[in-house]
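Which chain is which? The protein sequence lines are A and B, in order. Taking my numbering, I'd label the letters of the first sequence as residues 1 to 557. Taking my numbering, I'd label the letters of the second sequence as residues 1 to 223.
Hints may contain errors.
[Unchecked claim] The calculated label-pair distances, taken between Cβ atoms and stated as ranges, are:
| # | chain 1 | residue 1 | chain 2 | residue 2 | range |
| --- | --- | --- | --- | --- | --- |
| 1 | A | K103 | B | Q93 | 40 to 46 Å |
| 2 | A | Q377 | B | Q105 | 18 to 24 Å |
| 3 | B | I69 | A | G450 | 28 to 34 Å |
| 4 | A | L166 | B | R96 | 57 to 63 Å |
| 5 | A | E356 | B | C162 | 18 to 24 Å |
| 6 | A | A92 | B | G64 | 24 to 30 Å |
| 7 | A | E339 | B | W15 | 38 to 44 Å |
| 8 | A | E356 | B | E80 | 54 to 60 Å |
| 9 | B | N194 | A | K528 | 56 to 62 Å |
| 10 | A | G450 | B | W202 | 21 to 27 Å |
| 11 | B | E80 | A | K528 | 17 to 23 Å |
| 12 | B | R96 | A | L437 | 17 to 23 Å |
[To be verified] Away from chain B, derived, C-beta distances all over 10 Å, residues of chain A:
| # | residue |
| --- | --- |
| 13 | E83 |
| 14 | G185 |
| 15 | M189 |
| 16 | V201 |
| 17 | N206 |
| 18 | L255 |
| 19 | V358 |
| 20 | R380 |
| 21 | G426 |
| 22 | W436 |
| 23 | G450 |
| 24 | S533 |
Since the hints were derived computationally from the structure, they do not count as laboratory data. Being a predicted model, the structure only gives us computed values, none of them experimental. C-beta: ideal position from N, C-alpha, C; glycine also.
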Amino acid sequence: MVGNWSLWASLGALAAPVLAVQDEAVVELPVRITQVLPDGRFEIDRGANMWLAGGDRVVLLSRDGRSWTGRIAEVREFDAVVELFETGADLAVGSQGTAYLPKARTTAGQPVPKGRDTAPTGPVLHDPWERLDEEWTRSDPLLARIAPVHPADRAVRDGGRLYGILEPRWSSEEGRSETWFRVGGHYWMENPWGRGGRFEVDGEFNRLSYHLPFPEDHRDQNLRVDRLSYALGGTRQDPWRYEVGRFLMYGMPELGLVDGGSVHLRRPNGDLMGVSMGWMPEPDPDQTPGHDFQISAFYRWSLDTFERYTAALAVQKTWHQGAQDRDLIIGRMDYAPLEGWRYHGSAWIDWYGNDELVKDSGVDLTRLRLEGSREWQGERGLSTSYRYEAFPDLLRDEFREPSPITLQEQHLHRLSVSGWKQLSQGLRGTARAGLWLDDGDGGGDLEVGGAWSDTGILGGTLSAALFVVDGQFTEVYGLRTSLSRSQARTHWMLLYEASQSSEKSLPGDGNDFYTHRFWGSYGFSPAKNWNVSIEGQTTILPDDSDLFLGLQCDWSF
Amino acid sequence: MRLEFLMLHAKRRLWTGFWLYLALVACTSLGPGDIRLQGWWRGLGPVMPHDSFPADCSLCHLGGDWNTIRADFEFDHTAETGYALEGAHEAAQCLRCHNDRGPVQVFAARDCAGCHEDVHVGQLGSNCRSCHLQDTWRPFGMREMHASTRFPLVGRHATASCRACHLGAEVGRFAQTDSACVSCHRRDLEATANPNHIGLGWVDNCDRCHVPTTWHQAQFVPN
Chain A
1 MVGNWSLWAS LGALAAPVLA VQDEAVVELP VRITQVLPDG RFEIDRGANM
51 WLAGGDRVVL LSRDGRSWTG RIAEVREFDA VVELFETGAD LAVGSQGTAY
101 LPKARTTAGQ PVPKGRDTAP TGPVLHDPWE RLDEEWTRSD PLLARIAPVH
151 PADRAVRDGG RLYGILEPRW SSEEGRSETW FRVGGHYWME NPWGRGGRFE
201 VDGEFNRLSY HLPFPEDHRD QNLRVDRLSY ALGGTRQDPW RYEVGRFLMY
251 GMPELGLVDG GSVHLRRPNG DLMGVSMGWM PEPDPDQTPG HDFQISAFYR
301 WSLDTFERYT AALAVQKTWH QGAQDRDLII GRMDYAPLEG WRYHGSAWID
351 WYGNDELVKD SGVDLTRLRL EGSREWQGER GLSTSYRYEA FPDLLRDEFR
401 EPSPITLQEQ HLHRLSVSGW KQLSQGLRGT ARAGLWLDDG DGGGDLEVGG
451 AWSDTGILGG TLSAALFVVD GQFTEVYGLR TSLSRSQART HWMLLYEASQ
501 SSEKSLPGDG NDFYTHRFWG SYGFSPAKNW NVSIEGQTTI LPDDSDLFLG
551 LQCDWSF
Chain B
1 MRLEFLMLHA KRRLWTGFWL YLALVACTSL GPGDIRLQGW WRGLGPVMPH
51 DSFPADCSLC HLGGDWNTIR ADFEFDHTAE TGYALEGAHE AAQCLRCHND
101 RGPVQVFAAR DCAGCHEDVH VGQLGSNCRS CHLQDTWRPF GMREMHASTR
151 FPLVGRHATA SCRACHLGAE VGRFAQTDSA CVSCHRRDLE ATANPNHIGL
201 GWVDNCDRCH VPTTWHQAQF VPN
């Protein structure tokens, strides 16, 4: 009997849309489940106000795509109860469906709810309405055009993250060891002072202890503030945006961290512009403030409504302890269509004056990145990149004291290509190749591998790769294999790598050595918003070995 | 001399021109304009589209305001929107992405950088996924990644912390590093007394005698 019901119900579900199209006497009414009743019936969000009546046919759709047919069992003014022909439907609150009702009923006039008389008639007792109704049809959602709540009128919200990381490392050579302990967090609060702004603070405490045979054991500790800022505006209600404190330049992070203030304006056509003034913290473990002062400005063009194609130009002028330091121009371009190749490009250009001692006066390209990537619907992917790097001559302590020769001559070109292809169900091939050329040498690297996701080994994915590297000082040949698995609340990985390295400048037998590396990690979520990650690695060299452990725990709130 | 003079003047004029251009753009932007080009400027509607939501507001909202969401609120993002939330995004609050900055499509078009600040200040490119997963921001595969540079990490360098070579690694800066040995081992060089390397003029080309598997042993190769 149930089978017959099922057959008829399915036929009914299949035929319903067709009938609705072919037979204009039927009207389709979209409905949603608002409540799952204990007796297996379902409450929907339409009632007598939308001409529903007892016995009307309803088809509800579960999230797995199955359709369930039933009929209206009870009708109230604004909702109704549906009784399905079958039991066991996997329907939930929010599931959609369609009710089918005769058109003749809807053309007979406005539905008259139970207990109400017809609409009152008589003279209008008020002035004509000044605000006209917006265009609205009965198929429109009720909540589509409500006025937005201004951020300043919203309740205060906050959130953030706290984390701790412990990373000890031991070496068998002369008993060297080090321990790095980090505790940090990020906290944000929206509308803290009733003006719709956003307050953010982000920082970390570091404690490093070294045990060395020479020169001596020592410890470092520091408290670093990565962000302490208050931003106002920059929303759809206010195109102007103001930010003060320590922050990364909004819209142009290439300009770096600033202790100061910034003003942004989003233009009507989507373009964004901003200026900032303030000190630049040093990129050291303390982010020492106060040594470098900067002013900067940028303009970002948006070439389409959804900002998939943008180009930006920025200028920055810096002083180091009062002395003129850097004139920097930054260009950036992003092209990210929904389909096809995506491109990203950025360039840092330094402009040196006549007082420059090491570099020639004029413009000098310091850094260039060009990237292009594409994925073909899960079948294959390809990425290419070109990178150029040279050292700028700065008073600021941005690098490790590059020598004048390094500043003048050292540069690097690098071209790389990587790709993957789904060779069959569960088997993916990967490859990566690169070429580099610097001021005195050249080389490259090549890696070819594959990943099998249906191995049956602990339900994990097995990967293997062969690689060869022709580096500046070293040639390396190696094999890497790993087994990993990622599930909803856990993920783990085991990796082994064996390599033979050869020092290029050192002739004789002592220039070859083998390295074995074992690495493993396990991450899990013990409770909602909690994540724990444990990892360990041992590296075995010809004469000694090294052991590293890592423990990370974080909590989001 | 003449060329330098011209360069200096050209530089000053270009700087002046750029600032004037910015001022001009700022001034022309102050008018009301047609702000309807970006749909989210229109001042209409909630921060996320409710078009397909059920008419019963109390399914999601609690109390007399629109800001409080029911504690048992659930939303199947994949089924309802066709866009799967993975990793940490699965547990993220809705308003972290859907908010007053604009329609979420604008930020999704910029991939990770649409919502996440680039703490690497643009120095590492746009492909965050080459080092980060969506479960955690802790990077992975750095040693393997280094094989794609001219300085593959072998021997002792394979066991060193990133911060030992990259000034600013703690704050996400991995800008170019001078690959000359002394840029990181200057203190070791200065402290070496047996033999006195500096006194003998052995201050570069360390790789002619040293292999990166040990701190001390060196192989002497006569010229």
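No chain B beta carbon within 10 Å of A:E83's: At about 19 Å from chain B, A:E83 clears the 10 Å cut-off, so the statement holds.
Does 17 to 23 Å hold as the CB distance between B:R96 and A:L437, or does it fail? 43 Å, violated
Check on A:V358 being off the interface with chain B, judged by Cβ distance over 10 Å: Fine: 14 Å to the nearest Cβ keeps A:V358 off the interface.
For the range 24 to 30 Å, tell me whether the beta carbons of A:A92 and B:G64 fit it or not. With a Cβ separation near 27 Å, A:A92 and B:G64 satisfy 24 to 30 Å, so the hint holds.
Over 10 Å to the closest beta carbon of chain B is the bar; see if A:G450 clears it. 15 Å, holds
For the pair A:K103 and B:Q93, does the Cβ-Cβ distance stay inside 40 to 46 Å? At 44 Å between Cβs, range holds.
Does the claim that A:G426 lies off the interface hold, with its Cβ farther than 10 Å from every Cβ of chain B? At roughly 20 Å from the nearest Cβ of chain B, A:G426 sits farther out than 10 Å, so the non-interface label holds.
Take a look at whether the Cβ-Cβ distance between A:E356 and B:E80 falls inside 54 to 60 Å. Given range 54 to 60 Å: holds, Cβ gap about 59 Å.
Regarding the assertion that A:W436 does not contact chain B, is the least Cβ-Cβ distance greater than 10 Å? Contrary to the label, A:W436 does not stay out of reach of chain B, its closest Cβ about 5 Å off (not over 10 Å).
Measuring from beta carbon to beta carbon, are A:E356 and B:C162 in 18 to 24 Å? 32 Å, violated
Cβ separation of A:Q377 and B:Q105, checked against the hinted range 18 to 24 Å: 20 Å, holds
Any Cβ of chain B at or closer than 10 Å to A:M189, or is the non-interface label fine? 13 Å, holds
Going through the hint list in order, the structure does not satisfy hints 3, 4, 5, 10, 12, 17, 18, 22 and 24.
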